[in-house]
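S.K.: Chain by chain, the residues run as shown.
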Amino acid sequence: MMTDPAHVHSIADQPTAAAPPVVDVRDLRVHFKVHRGLLGSQLVKAVDGVSFAIAAGETLGLAGESGSGKSTVARTLVRINRPTEGSILLSGAETARLSGQDLRAYRRRMQMVYQDPYDSLDPKMTIKDAIGEGLTVRGVPRARRKSEVEELLARVNLPVALAGRYPGQLSGGQRQRVSIARALAVSPEVIVCDEAVAALDVSIRAQVLNLLKDIQADARVSYLFISHDLSTLRFMADRIAIMYVGRLVEYGTSEQVFSEPAHPYTQALMAAVPDIASLGGPRPAPLPGEPPNPASPPAGCAFHPRCPLAVELCRTVAPPLVRKATGQLAACHVVPDAPEVA
Amino acid sequence: MTAPPEGSFLSGQLPTAAVEPAAAAAELAAAVDEPSLGRRALTSLRRDPVALISVIAVIVLALVAVFAPLLAPHNPLQAYPNGLSADGAPVGPGSSFLLGTDPNGRDVLSRLIFGARVSLLVGVVATGLASIIGVLVGGIAGYAGGIVDSVLMRITDVVLSFPILLFCVALIAITGPSTRNVMLVIAFGYWTYLARIVRGLVLSLKEREFVVAARTLGIGHRAILRRHILPHLVPAIIVYSTLGIATSILIEASLSYLGIGVPLPQASWGQMISQGQEYFQTAPWLLIAPGVALVLTVLAFNLAGDWLTDLLDPETSGDRR
Numbered sequence: 001m002m003t004d005p006a007h008v009h010s011i012a013d014q015p016t017a018a019a020p021p022v023v024d025v026r027d028l029r030v031h032f033k034v035h036r037g038l039l040g041s042q043l044v045k046a047v048d049g050v051s052f053a054i055a056a057g058e059t060l061g062l063a064g065e066s067g068s069g070k071s072t073v074a075r076t077l078v079r080i081n082r083p084t085e086g087s088i089l090l091s092g093a094e095t096a097r098l099s100g101q102d103l104r105a106y107r108r109r110m111q112m113v114y115q116d117p118y119d120s121l122d123p124k125m126t127i128k129d130a131i132g133e134g135l136t137v138r139g140v141p142r143a144r145r146k147s148e149v150e151e152l153l154a155r156v157n158l159p160v161a162l163a164g165r166y167p168g169q170l171s172g173g174q175r176q177r178v179s180i181a182r183a184l185a186v187s188p189e190v191i192v193c194d195e196a197v198a199a200l201d202v203s204i205r206a207q208v209l210n211l212l213k214d215i216q217a218d219a220r221v222s223y224l225f226i227s228h229d230l231s232t233l234r235f236m237a238d239r240i241a242i243m244y245v246g247r248l249v250e251y252g253t254s255e256q257v258f259s260e261p262a263h264p265y266t267q268a269l270m271a272a273v274p275d276i277a278s279l280g281g282p283r284p285a286p287l288p289g290e291p292p293n294p295a296s297p298p299a300g301c302a303f304h305p306r307c308p309l310a311v312e313l314c315r316t317v318a319p320p321l322v323r324k325a326t327g328q329l330a331a332c333h334v335v336p337d338a339p340e341v342a
Numbered sequence: 343m344t345a346p347p348e349g350s351f352l353s354g355q356l357p358t359a360a361v362e363p364a365a366a367a368a369e370l371a372a373a374v375d376e377p378s379l380g381r382r383a384l385t386s387l388r389r390d391p392v393a394l395i396s397v398i399a400v401i402v403l404a405l406v407a408v409f410a411p412l413l414a415p416h417n418p419l420q421a422y423p424n425g426l427s428a429d430g431a432p433v434g435p436g437s438s439f440l441l442g443t444d445p446n447g448r449d450v451l452s453r454l455i456f457g458a459r460v461s462l463l464v465g466v467v468a469t470g471l472a473s474i475i476g477v478l479v480g481g482i483a484g485y486a487g488g489i490v491d492s493v494l495m496r497i498t499d500v501v502l503s504f505p506i507l508l509f510c511v512a513l514i515a516i517t518g519p520s521t522r523n524v525m526l527v528i529a530f531g532y533w534t535y536l537a538r539i540v541r542g543l544v545l546s547l548k549e550r551e552f553v554v555a556a557r558t559l560g561i562g563h564r565a566i567l568r569r570h571i572l573p574h575l576v577p578a579i580i581v582y583s584t585l586g587i588a589t590s591i592l593i594e595a596s597l598s599y600l601g602i603g604v605p606l607p608q609a610s611w612g613q614m615i616s617q618g619q620e621y622f623q624t625a626p627w628l629l630i631a632p633g634v635a636l637v638l639t640v641l642a643f644n645l646a647g648d649w650l651t652d653l654l655d656p657e658t659s660g661d662r663r
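For the protein sequence lines, the chains are S and H, in the order given.
Residue 1 is where the first sequence starts when you use this note's numbering, and the numbers rise one by one after that.
Residue 343 is where the second sequence starts when you use this note's numbering, and the numbers rise one by one after that.
Derived from the structure by calculation, the hints contain no laboratory data.
Beta carbons: idealized from backbone N, C-alpha and C, even for Gly.
Accuracy of the hints is not assured; some may be wrong.
Unchecked claim - One-sided and incomplete, this derived list gives chain H residues near chain S with beta-carbon spacing under 7 Å:
| no. | residue |
| --- | --- |
| 1 | Glu551 |
| 2 | Phe552 |
| 3 | Val554 |
| 4 | Ala555 |
| 5 | Thr558 |
| 6 | Leu559 |
| 7 | Gly560 |
| 8 | His570 |
| 9 | Pro573 |
Stated by the list, open to error - Calculated cross-link-like contacts (lysine-lysine; reagent style DSSO-like; alpha-carbon spacing at most 30 Å):
| no. | chain 1 | residue 1 | chain 2 | residue 2 |
| --- | --- | --- | --- | --- |
| 10 | S | Lys146 | S | Lys124 |
| 11 | H | Lys548 | S | Lys124 |
| 12 | H | Lys548 | S | Lys146 |
Could you put the whole structure together from the sequences, leaning on the hints where they help?
M.R.: Pasting the structure below:
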């Protein structure tokens, strides 16, 4: 059993990860100073020691309630936020403290598709200019820009006729496709999708998810796919990470996590998903209480006030993320660990 | 422990392709064509006669200023012998001098027309300069934030804390009166208003997701300012510049009235009012003509500015959902 979480470094030594990971995040911490009143300030640990790895062409699904820090992880990966501590390795090279020209070069390799299709495109810029901007970043010569824009539009299944329109004239699904085309224009290694389909209608959502999968098959791009919707994650992700108040509570392959969720929080999340098959049947008891304020998380395991399995130890000692008997990693004192391999 | 039963919503089945062609067609149809800005401008002018009159007045004024030499019936600088009566008093409005003459025997109408030139020139150039300074200072302060913002805005506050006319008088006292100096001085007094407005707009714009998205795409700060911030400032800049022209014209008139504006013998409305004041009881047209011209001009620019505000207001122009 691994004892000191500070010494848990690469989490990439997973059975399925043969190739070195494209993204290797180690012990990432993002703390914010929140000013209160005139003099007081408080430290909010939005992300507090998160490690994960994504292989080439693989999708990591990141789930959790609002306030769990999953969006902060996304925004730190694309460097909207600065990491307070920890490593972000991109193809083996440390990137967490890049700035200036190096940071801009890094941004070209790590793209993001935003949640709000209504605000993530400049309303005063035509579609072809928005996508063309991505091509400029990659240094595509002006003469080739028009044909590449048309190629990218075709790749996201949008008619070329839309090139001259403004985002205000497009539907949400179309705009999200434009955002994807714009990210692809830079030809990144990783695309972070932060609730990228949450604002779309269910029918449109399926199309966009299928499109993302097709692009992944073509270009071997890796996704960090953030969603609070477990069915979307099950469809998209090869691996799943579950976050609760700034930490990972469970991390494993999609198969492991969905078939045998180890952490009581993950189990509660799964139970809360509306289920057509058992409609009208007895509903599982909902998780009691609210997620705690990240500014003042409970001592010990942050989940203990809501946990049906909590024991005395949980109130004082935070559990490390260790391998459980079911194969995945989970942070829980109660759930049995995997037998030690001698 | 609680593995989801097979066939549940968790089993990875999503509603798929059946809806695709129909939905795609609906999406295309949903693309709405908004009326163009020009069309909306015409519609609103038809509904709003006050705006229509003020816009026409501004256009007429601009034409008068441009074609002053063609329109003026006399030379504005020439003292005409028949412009003074036998006892040396100015001649009232009549057939030879439509708006009468001044105490030097010069034609008031011609001076008024050439005065429009000075007013508009000063108004446009001073406001243009002020806008450039204001947008640069406000834009950099708002976008950079931190210490740059603090320093630039404290400088702005210092200038803003002086009454603008007093500030201009003080600067003219240093530089000496000339048309060029009047324009520069007004610009140095007026840029602060735009700087504050632009800073506020940039502060909120830089938090908008499309600006954040542009940054994470890998675009440099200068390109973001030029391509994603500046276009969103244009409506505010146009509106405040229109209002700024009215203010500048008024300041120029005040400076000329005080005798430290546009130097003689060039005609300027403020200086004509100043001179007309002395003769108000015997030759009221000397005061009334430039006074009315000034009031109407400032009013027209202000009303046209209000109309532009309504027309270009980002809240109503389809900028946001």
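S.K.: If a hint holds in the structure, say so; if it doesn't, say that too.
M.R.: Right, here's what the structure says about each hint:
Hint on H/Glu551 holds. Least Cβ distance to chain S is approximately 4 Å, under the 7 Å limit. The restraint placing H/Phe552 at the interface with chain S holds, with a minimum CB-CB distance near 4 Å, inside the 7 Å limit. Here the hint on H/Val554 is kept, as its CB sits about 6 Å from the closest CB of chain S, short of 7 Å. Against a cut-off of 7 Å between C-beta atoms, the interface hint on H/Ala555 holds, since the closest Cβ of chain S lies about 5 Å away.
Proximity of H/Thr558 to chain S holds as hinted, the smallest CB-CB distance being about 4 Å (cut-off 7 Å). Satisfaction of the interface hint for H/Leu559 is found here, the shortest Cβ-Cβ separation to chain S being roughly 6 Å, below the 7 Å cut-off. With its C-beta approaching chain S no nearer than about 4 Å, H/Gly560 sits inside the 7 Å limit, and its interface hint holds. Hint status for H/His570 relative to chain S: holds, with the closest Cβ pair at about 5 Å, below 7 Å.
Restraint check, H/Pro573 versus chain S: the minimum CB separation of about 4 Å is within 7 Å; hint holds. Distance restraint check for S/Lys146 and S/Lys124: the Cα-Cα separation of roughly 19 Å lies within the 30 Å cut-off, and the hinted pair is therefore satisfied. For the suggested pair H/Lys548 and S/Lys124, the alpha carbons sit about 15 Å apart, so the restraint of at most 30 Å is met. The hinted pair formed by H/Lys548 and S/Lys146 meets the criterion: a straight-line CA distance of about 29 Å does not exceed 30 Å.
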